[in-house]
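Protein chains: 2
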Amino acid sequence: MKSFVIREARKTDMPRVLELIRELAVFEKEPEAVEVTAAQLEADGYGPEKAFHCLVAEAEGTVAGMALVYPRYSTWKGVILHLEDLIVTENMRGHGLGAALLDEVVRYGAQLGVKRISWEVLDWNEHAIEFYKGKGARLLKDWDVIHLDEQGIQQYLKNI
Amino acid sequence: MKSFVIREARKTDMPRVLELIRELAVFEKEPEAVEVTAAQLEADGYGPEKAFHCLVAEAEGTVAGMALVYPRYSTWKGVILHLEDLIVTENMRGHGLGAALLDEVVRYGAQLGVKRISWEVLDWNEHAIEFYKGKGARLLKDWDVIHLDEQGIQQYLKNI
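Protein sequence lines, in the order shown, are assigned to chains A and B.
Count the first sequence with my numbering and you get residues 1 to 160, in order.
Count the second sequence with my numbering and you get residues 1 to 160, in order.
Just so you know, the hints here were simulated from the structure itself, not pulled from any lab data.
Treat the hints with care, since some could be wrong.
To be verified - Straight-line distance between alpha carbons at most 25 Å, and here's what the computed SDA-like set of lysine to any residue pairs gives: (1) B/K141 / A/Q155; (2) A/K77 / A/G136; (3) B/K135 / B/G96; (4) B/K11 / B/E23; (5) B/K115 / A/Q40; (6) B/K77 / A/A38; (7) B/K77 / A/P71; (8) A/K115 / B/W143.
Stated by the list, open to error - Facing chain A, according to a computed beta carbon distance under 10 Å, are these residues of chain B, among others: (9) I21; (10) F52; (11) W76; (12) A99; (13) V114; (14) E120; (15) E130; (16) K133; (17) R138; (18) W143; (19) V145.
Predicted model only: the values in this text are computed from it and were never measured.
Beta carbons are placed, not taken as given, at the ideal position from N, Cα and C, and that holds for glycine.
Work out the full structure: start from the sequences and follow the hints.
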């Protein structure tokens, strides 16, 4: 096992965090979908209105994994925590970085006093699903995600 | 068709908004899952840190529908808008309140300049799915929702 530390991401980590985001997008078969830039991550995460909270796993002086979270609002439970991304770079998988990042996310949620931590997973990502189930998370098979994208928003507005 | 207006929800609407939330929870077969109170909605929506933005449809002096939204953060698109709930009370369906609420949500998202509006739908709610698809929204069948609930969080912390 390789040694690593989990720490809060700094603004200067954002270019490397973006590389991890792109790596995940390739794995999820949508590499062209990433429109965010490092400058945007820096502004959104470290400006006056923090849009997210980011943790990183650092191994051998390099950021090898990250977890990005932000609050959501459940009309059943109140403020909850949402885990948008949990990424470990391919050649560092299997060393416990993902589990350690998730541990820290759950601790963070507990500190905030939220009644739920939510995230989304691709239904063919069996390895991730088994990992999460083993941690006590519940898979909600009957909910589907809906997106109205930028083009859809513009088209929608033309029709009303 | 009955006449109605769409307007921003006021703090004093929250008890009625909670009734609508409970009505939806019954429809979704989880009536006992609603833990939020009207006082909590008032504090979370109208306090120093606004956790959500709420619109209501008012017909004949009564709040007959609501839409509740808040920002999320996509690591692909930046800040997006999430529609947590779109509810029209049962005896007022079929009069265009839901469509008018969604119109206003999309206008609000466009004002914010977001590149995506997202929401979730139960896969057996065919009427809602057809309605959303007709509006140009895309159903992502391959994403599943995961929840680690309050008990799961506590259990998780005991195991690390």
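Here's how the hints hold up against the structure:
| no. | hint | verdict |
| --- | --- | --- |
| 1 | B/K141 / A/Q155 | 22 Å, holds |
| 2 | A/K77 / A/G136 | 19 Å, holds |
| 3 | B/K135 / B/G96 | 14 Å, holds |
| 4 | B/K11 / B/E23 | 20 Å, holds |
| 5 | B/K115 / A/Q40 | 14 Å, holds |
| 6 | B/K77 / A/A38 | 12 Å, holds |
| 7 | B/K77 / A/P71 | 17 Å, holds |
| 8 | A/K115 / B/W143 | 22 Å, holds |
| 9 | I21 | 5 Å, holds |
| 10 | F52 | 5 Å, holds |
| 11 | W76 | 5 Å, holds |
| 12 | A99 | 9 Å, holds |
| 13 | V114 | 8 Å, holds |
| 14 | E120 | 5 Å, holds |
| 15 | E130 | 12 Å, violated |
| 16 | K133 | 9 Å, holds |
| 17 | R138 | 5 Å, holds |
| 18 | W143 | 4 Å, holds |
| 19 | V145 | 4 Å, holds |
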